[in-house]
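Enquirer: Sequence:
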Amino acid sequence: MPAFWMIVSCFLFACMGVCVKLASSDFSTGEIVFWRGIVSMAMMVGLALSRGIALRTPHWRMHLSRSISGSSALACYFFAIGALPLATAVTLNYTSPLFVALLLALFFRERLNPIAYAAVLMGFAGVVVLLRPTLQPEQWLGAAAGLSSGAMASVAYISLRELGRKGEPEVRTVFWFSLMTATIGLAWSLFSAIHLPDLPQLATLIGVGLFGGLAQLAMTRSYRYGRTVVSANLSYATVVFASLFGMLLWGEIMPASSWLAIALIVTGAIVVSLSTRKTD
Numbered sequence: 068m069p070a071f072w073m074i075v076s077c078f079l080f081a082c083m084g085v086c087v088k089l090a091s092s093d094f095s096t097g098e099i100v101f102w103r104g105i106v107s108m109a110m111m112v113g114l115a116l117s118r119g120i121a122l123r124t125p126h127w128r129m130h131l132s133r134s135i136s137g138s139s140a141l142a143c144y145f146f147a148i149g150a151l152p153l154a155t156a157v158t159l160n161y162t163s164p165l166f167v168a169l170l171l172a173l174f175f176r177e178r179l180n181p182i183a184y185a186a187v188l189m190g191f192a193g194v195v196v197l198l199r200p201t202l203q204p205e206q207w208l209g210a211a212a213g214l215s216s217g218a219m220a221s222v223a224y225i226s227l228r229e230l231g232r233k234g235e236p237e238v239r240t241v242f243w244f245s246l247m248t249a250t251i252g253l254a255w256s257l258f259s260a261i262h263l264p265d266l267p268q269l270a271t272l273i274g275v276g277l278f279g280g281l282a283q284l285a286m287t288r289s290y291r292y293g294r295t296v297v298s299a300n301l302s303y304a305t306v307v308f309a310s311l312f313g314m315l316l317w318g319e320i321m322p323a324s325s326w327l328a329i330a331l332i333v334t335g336a337i338v339v340s341l342s343t344r345k346t347d
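Oh and the sequence shown: position 78 is 145 in my numbering, straight run, nothing missing.
Because the hints were derived from the structure by calculation, they are not lab data. These numbers come from a predicted model, not from an experiment. Misleading hints may appear alongside valid ones.
[Said to hold, decoys possible] Computed spacing ranges between beta-carbons, pair by pair: (1) Ser259 x Ala185: 19 to 27 Å; (2) Ala185 x Ile261: 27 to 35 Å; (3) Leu131 x Gln268: 27 to 35 Å; (4) Leu327 x Leu173: 27 to 35 Å.
We treat Cβ as the ideally placed atom computed from N, Cα and C, and that holds for glycine.
Taking the hints into account, I'd like the entire structure generated from these sequences.
Expert: Below, the structure is given as structure tokens:
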């Protein structure tokens, strides 16, 4: 069942990506980020009330660090989805394990073995192969945003690790992240025209938050009851689902070089996970 819940999570995250791409033609990135945060925040409040979990926290500085980095990563990710083929944007976001390995080595003095270093190099070689031959000049800003989302997400993941060590409940952590996401999205939206959605558009925007929130819950269940390494490596199924959605909905047929690049990035990230995490 843990493997099943991770596959469900991957499918739901890919569905969220579809909703983001659909909404990006009518709404700014800030507006989409706001809806992602406000819907997820409402879900977490309901869960906290049903489980008797207090949302106040003594570790607000750690939550602030995690929330700012995570929300910034999310904003970059959503921008990339609107500018790039769906599978390309998702793959660039999933470079985060490569950045995590580098951050742990550079700032936390955690030693990486030669296999991990080789995997990091493999992953970034995949990024070069993915970007150079296939992108149009107008897509480079989206590519930079997608890669930035992976880098900033790595900071958020390290903060999550520290919050977990402090014993913070997942619902509380997701609540504060969602609150910051909604706040940043609202502030960003105020710098441009705000669009009132019609019913189909509203359904798409709610889908962004609903699919994202449900995906986080399914992912949490997988990590709670399964082996961390297995769950983490199964998470790359999101790339497969995103590729299928891109082909079915937008006719995004990628060349062989792009598939090779995706294989290099995913393989590198998986090898980094296997070589730096303890099996539990």
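Enquirer: Which numbered conditions among the earlier hints are violated in the structure presented, ordered from lowest to highest?
Expert: 1 and 2
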